[in-house]
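K.L.:
Sequence:
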Amino acid sequence: DDEAAALSPLFGAGCLVAPFLEWNGWQGTEESFLYGQQPRALYKKFPNLRRLELAGIGADLFLRPDQSGQYSSYALLAPEGVPADMVQTRTLMDREQAAQLVELRTLGLADIVHASTPAGLFPHMTLLELWESFLPLYQLQTAFTRVHAICPVLEILILQLDSEYDTWADESNYSVFAHAPRSLKALVLVLQSTKIPNLTRSQYVALIQRHVPAGVQVHIKIDEKSVSWSMGGRHGWTALEPWEDDGVL
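Residues 5 to 253 (this note's numbering) make up the sequence shown, in order.
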């Protein structure tokens, strides 16, 4: 059709930022090009796709039915047993195309580390960005183990985490970072609405750095208005503004 013809010069692209939510009109109006289209058919037109960013945060990896048994959401892939019409209209690609990806942003962490997610799903993935809320720090051990099994050659792991006020504040919990995949070259933490230990910037980076496997560099981005450390306030803390800069970082 005319729309596909207009896009045809782009179909050889290896990188795509996908307006994930536009498939059902959540972004903008029904006049959006993607509204009402079959995403699987469109993605098939990008055979060289290697880097994919799903606009928004926490997109689902696998299509799963809701509590009523209906497939009301969208996902990257379809597991076995999903009706064919749902596969075409509610998922973006098949496993063969997904296996070619080397970079993927931004999936929900809980979905990708689910026990049903097969090992080696992304055999060539070198950069993965995940998002999760209310994640206790100790659960990173399971997350790291599953991520390594699913992405065996991963080099950069970006974790966007928010809304955790207890376990991230205890320095004794940070030994969990010893379980980070040994294939990593960099671990990037993006923290919001999180209670962390009362440390300076360099001290906090060093706390994590001394636990991660050798050769893994730690990078941290923190929203200073939403990260806290001291007692008092609604959640038992008050914000640290600005986060103390000791001039080392």
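Among the clues, some could well be false.
[What the hints assert, rightly or not] Ranges between beta-carbon positions, derived for each pair:
#: 1; residue 1: G219; residue 2: S72; range: 32 to 40 Å
#: 2; residue 1: M90; residue 2: D227; range: 17 to 25 Å
#: 3; residue 1: A153; residue 2: Q213; range: 42 to 50 Å
#: 4; residue 1: H118; residue 2: L20; range: 19 to 27 Å
#: 5; residue 1: A123; residue 2: T204; range: 33 to 41 Å
#: 6; residue 1: H215; residue 2: A9; range: 52 to 60 Å
#: 7; residue 1: Y142; residue 2: D89; range: 35 to 43 Å
#: 8; residue 1: L11; residue 2: A153; range: 35 to 43 Å
#: 9; residue 1: K189; residue 2: P140; range: 43 to 51 Å
#: 10; residue 1: L20; residue 2: D70; range: 41 to 49 Å
No lab work stands behind these hints, which were simulated from the structure alone. Please read these numbers as outputs of a predicted model, since none were measured by experiment. Don't be surprised by glycine CBs; every beta carbon is placed ideally from N, CA and C.
K.L.:
All hints, please: hold or fail.
P.N.:
Hints, one by one, checked against the model:
| no. | hint | result |
| --- | --- | --- |
| 1 | G219 <-> S72: 32 to 40 Å | violated, 48 Å |
| 2 | M90 <-> D227: 17 to 25 Å | violated, 37 Å |
| 3 | A153 <-> Q213: 42 to 50 Å | violated, 24 Å |
| 4 | H118 <-> L20: 19 to 27 Å | holds, 25 Å |
| 5 | A123 <-> T204: 33 to 41 Å | holds, 40 Å |
| 6 | H215 <-> A9: 52 to 60 Å | holds, 54 Å |
| 7 | Y142 <-> D89: 35 to 43 Å | holds, 41 Å |
| 8 | L11 <-> A153: 35 to 43 Å | holds, 36 Å |
| 9 | K189 <-> P140: 43 to 51 Å | violated, 26 Å |
| 10 | L20 <-> D70: 41 to 49 Å | violated, 27 Å |
In terms of the numbered hints stated before, the structure departs from hints 1, 2, 3, 9 and 10, listed from lowest to highest.
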